[in-house]
Amino acid sequence: MSRDGIRDKVAIVGVGCCRFGENWDQSPSDMIVDAAYEAYEDAGIEDPQRQIDAVFTGSLYSQAGPHECADALKLFDKPVSMVSNYCATGTDAFRYGVMSIAAGMYDRVLVVGYDKPKDRGVSGPSVMMDGVRDLPKTPAGWFSLCAATYFEKYGAGREDLARIAVKNHHNGTLAPKSFLKREITVEDALNARMISWPFGLYDCAAQTDGAAAVVITRSDLASRYRDDPVLVKAVTIRSGPNPQKDPGNDFLSWKPNGWAARDVYEQAGISDPRREIGIAQVHDCFSLTELLAYEDLGFCEKGSAKEHIAAGTFELGGDLPVNTDGGLKTFGHPTGATGVRMIYENTLQLQGRAGERQVQDPKLALSHNLGGHPTACGIAILGRD
Amino acid sequence: MVGIASYGAYIPRHRLALAAIGGRSAREGGPEKAVAWNDEDAVTMAVSAAVNCLRGFDRSGVDALYFASTSQPFNEKQAAALVARALDLRGDLRCADFAGSLRAGTTALQAASDAVAAGSARSVLVVASDCRMGAPGSGLELRLGDGAAAFLVSDTGVIAGLDAAHALSDEIVDLWRSDGDAFVHSWEDRFVVQEGYVPRIVEAVRGLFERSGTDAGDYAKIALYGPDQRSLATVARKLAVAADALCDPLFGRLGNAGAAFAPLLLAAALEAAKPGEKILVANYGDGADALAFTATDFLSTLEPRRGVSWHLERRHPVASYDHYLKARGLQAVEWEAPAGPGLSATIHFRDRGNDIGFVGQSCNACGAVQFPAQRICESCFAKDDFEPHRLSDRDGRLVTYTFDYFFPTPEPPTVVGIVEIDGARVHMQVVNCPTEDAKTGLPLEFEFRRIHQAGGRPNYYWKATPRSSA
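Chains as they are written, first to last, in our numbering: chain G, 2 to 386; chain B, -18 to 451.
With the rest of the complex left out, here is chain G (with noise of 0.2 Å):
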């Protein structure tokens, strides 16, 4: 692969979210709609039709494909397309979009991630029965796979689970697009109902609708849109076996998060991570899942996540704040949506504009999705300058 690379060719210029929630009253199209102007405006566009050259949608439960984006935000004759990889899908779809500027397709490109999970009248997953292997077939039967193996090997239990659940409860209080505002105790997550074992309903996301774009273009046309433009400067999409099959798999760390992680960092130039990355929003579909990103992303050592879960590392005051808008458990998981609501949530950080959870002068952010049984890691790290 070329180690030419993506780095500083591609600028954010315009960040848009829609309120995340059991979004009763809204379509995917209203959604689609209140994020993309909030992200023109931010940019400064006034004549999408016009301005926009392309579009790339994520969203895993759409059945009516790209062509949903278009027609809400009438882009006709123009290249849309839609991108589906599970939980990975929104960090996809803006790969398209960063790769198809970088190429020199086009200047202007609108990414769009959304989900509309709450129209089929479940709470939580359904319960799939489309087959007789691999069941009961849920995220959280899959993501809690690790919990045994790690357990036992580190010591590790429930309760420091459940510090990353009240962490993430907290932040999303000061988040006001985020879903859950509510401040939980580690007493709470530990008596709530079973879900899959070792998680109880606040080790997991909630489920929401929700809608999430960014307009990127070339970095040197950047400061037509914004004086302080992001830069991205690494992100990639990897592969994984599945785990359950997979012979060599100790269940102690999510491949495809390593992997992920060496090519940015190498893309990027990051040769340690903990110190040089400011604030990372990491895939906590499951409380374990992002305690396992800890780890398998760089920011501690291999069995170390409890000690720093203890001492308020990945807290908002901590050393490397992560999911500093209270993440996929407080703004739930619309699949497309949550890659892309990442970046907005970085791109706000690292311009000083996140609020009442602003963290001091971040340099370096990183994004992360894990999809999949989970199959698939996407990383995106973005910086200021």
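By construction, these hints were calculated from the structure, which means they are not laboratory data. All of these numbers come straight from a predicted model, not from anything done at the bench. Heads up, the beta-carbon is just placed ideally off N, CA and C, and yes, glycines get one too. Just so you know, not all the hints are guaranteed correct.
[Unchecked claim] Have a look at the derived ranges for each label pair, beta carbon to beta carbon:
| # | chain 1 | residue 1 | chain 2 | residue 2 | range |
| --- | --- | --- | --- | --- | --- |
| 1 | G | R194 | B | R333 | 34 to 44 Å |
| 2 | G | P248 | B | A300 | 36 to 46 Å |
| 3 | B | P393 | G | D78 | 53 to 63 Å |
| 4 | B | F55 | G | D72 | 39 to 49 Å |
| 5 | B | S301 | G | D273 | 51 to 61 Å |
| 6 | G | D131 | B | F55 | 13 to 23 Å |
| 7 | G | D31 | B | A300 | 44 to 54 Å |
| 8 | B | C361 | G | D31 | 45 to 55 Å |
[To be verified] 25 Å max Cα-Cα, derived SDA-like pairs, lysine to any residue:
| # | chain 1 | residue 1 | chain 2 | residue 2 |
| --- | --- | --- | --- | --- |
| 9 | B | K420 | G | A193 |
| 10 | G | K303 | B | G422 |
| 11 | G | K246 | B | D418 |
| 12 | B | K364 | G | N243 |
| 13 | G | K119 | B | P389 |
| 14 | B | K307 | G | S124 |
| 15 | G | K246 | B | E426 |
| 16 | G | K246 | B | D365 |
| 17 | G | K256 | B | G348 |
| 18 | G | K138 | B | E417 |
| 19 | G | K138 | B | R378 |
[Stated by the list, open to error] Computed footprint of chain B on chain G, listed as stretches where at least three residues anywhere in the stretch have a Cβ under 8 Å from a Cβ of chain B:
| # | segment |
| --- | --- |
| 20 | 147 to 154 |
| 21 | 245 to 257 |
Go by the hints and put chain B onto chain G.
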């Protein structure tokens, strides 16, 4: 000599206290019956009994499979073919379902013996399995239990030679279940016993005595089908069966297991028999059958079987009558099993070796075992170079696990985990495993089970269960 070369049994672990049926509190040690759970039926129990019967035998030597039951899950569609696929038997197999009568099991045994005697098959697997229901609150509900017994009928390595058999047929409406009925019906008990059971079974056994020149005193073990203790005692008295020869009918432990009842009593008798002893089994249903066997010296060389006593020791008391109703689909639920076409029949057809047979593949290039079958080796990337590799009879190990509280089951949570089998990793459910027993490294074996009812059909797959040493 034609006779039985091996046997095996299966009795579900779940035991329902008879007191619970009457709404009384159950006390440990009181009368109970074995009940198939929501993931068990006549087919799954038949597979388990057959696996136990075939332990230590080369499965490719089986020439025919006879499945005997009154409760096969499909009216049209052969159960024997499904059982054969689950057992990964040869494709050129003669398969038949023996259905409709409680005598189906003993009739199938005679047919199997005839086939071997005639030389049209050398080795016939006979599996009798039943999972009948009495209506909630009925007398039959108290009496009926579930189970399966399997026999390998052969002309070599015979542990019990078939000396003689006698059958008679009669037309009587005593017990019946019409198309669409969930529950067995019975005419008045006294009629059934006085005009059906007692005279017919006595007549069949006397006919056997006459045919073989024996009498009750010649038999060390006499296994009699019986609807209840009192009627059974009447028959034993009429036939002059000595108390120590009469086999325990397992009332209050197993229950009347229908077409599998007499076969299970025969399996129990074989388990306790000594070489040279004569064994008689008599069965009833639309007539009666009587079969006489003599145990041979091979009996002492047969490895211990998972038979009736092995299964009776492995109990899981049902927590409440409500749990039983839920497991048997007798409680109203908000959402019925999904109707519609159900699972794709074409996918089921393509995957039948994987999903029904639990057969994976081993890579000819690197030896790695994987499941399900795939085109490119997961380990060495060799393409299309594999041999089938049966996993169902291998030892497994629990790599990691979780407890799922959402999958529909009468007793949540569902234990589910990653199981390593010969190096292959499979995500599957673990049954008979209380959460406190789940631990990494737990040794496992495998059982064929109903996985769900999508499409209103039973859909089958394998589950892991903690490995038993015996």
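Results for each hint:
no., hint, verdict
1, R194(G) x R333(B): 34 to 44 Å, "holds, 39 Å"
2, P248(G) x A300(B): 36 to 46 Å, "holds, 38 Å"
3, P393(B) x D78(G): 53 to 63 Å, "holds, 54 Å"
4, F55(B) x D72(G): 39 to 49 Å, "holds, 48 Å"
5, S301(B) x D273(G): 51 to 61 Å, "holds, 59 Å"
6, D131(G) x F55(B): 13 to 23 Å, "holds, 22 Å"
7, D31(G) x A300(B): 44 to 54 Å, "holds, 48 Å"
8, C361(B) x D31(G): 45 to 55 Å, "holds, 51 Å"
9, K420(B) x A193(G), "holds, 23 Å"
10, K303(G) x G422(B), "holds, 22 Å"
11, K246(G) x D418(B), "holds, 23 Å"
12, K364(B) x N243(G), "holds, 19 Å"
13, K119(G) x P389(B), "holds, 22 Å"
14, K307(B) x S124(G), "holds, 24 Å"
15, K246(G) x E426(B), "holds, 18 Å"
16, K246(G) x D365(B), "holds, 18 Å"
17, K256(G) x G348(B), "holds, 24 Å"
18, K138(G) x E417(B), "holds, 23 Å"
19, K138(G) x R378(B), "holds, 21 Å"
20, 147 to 154, "holds (count 5)"
21, 245 to 257, "holds (count 6)"
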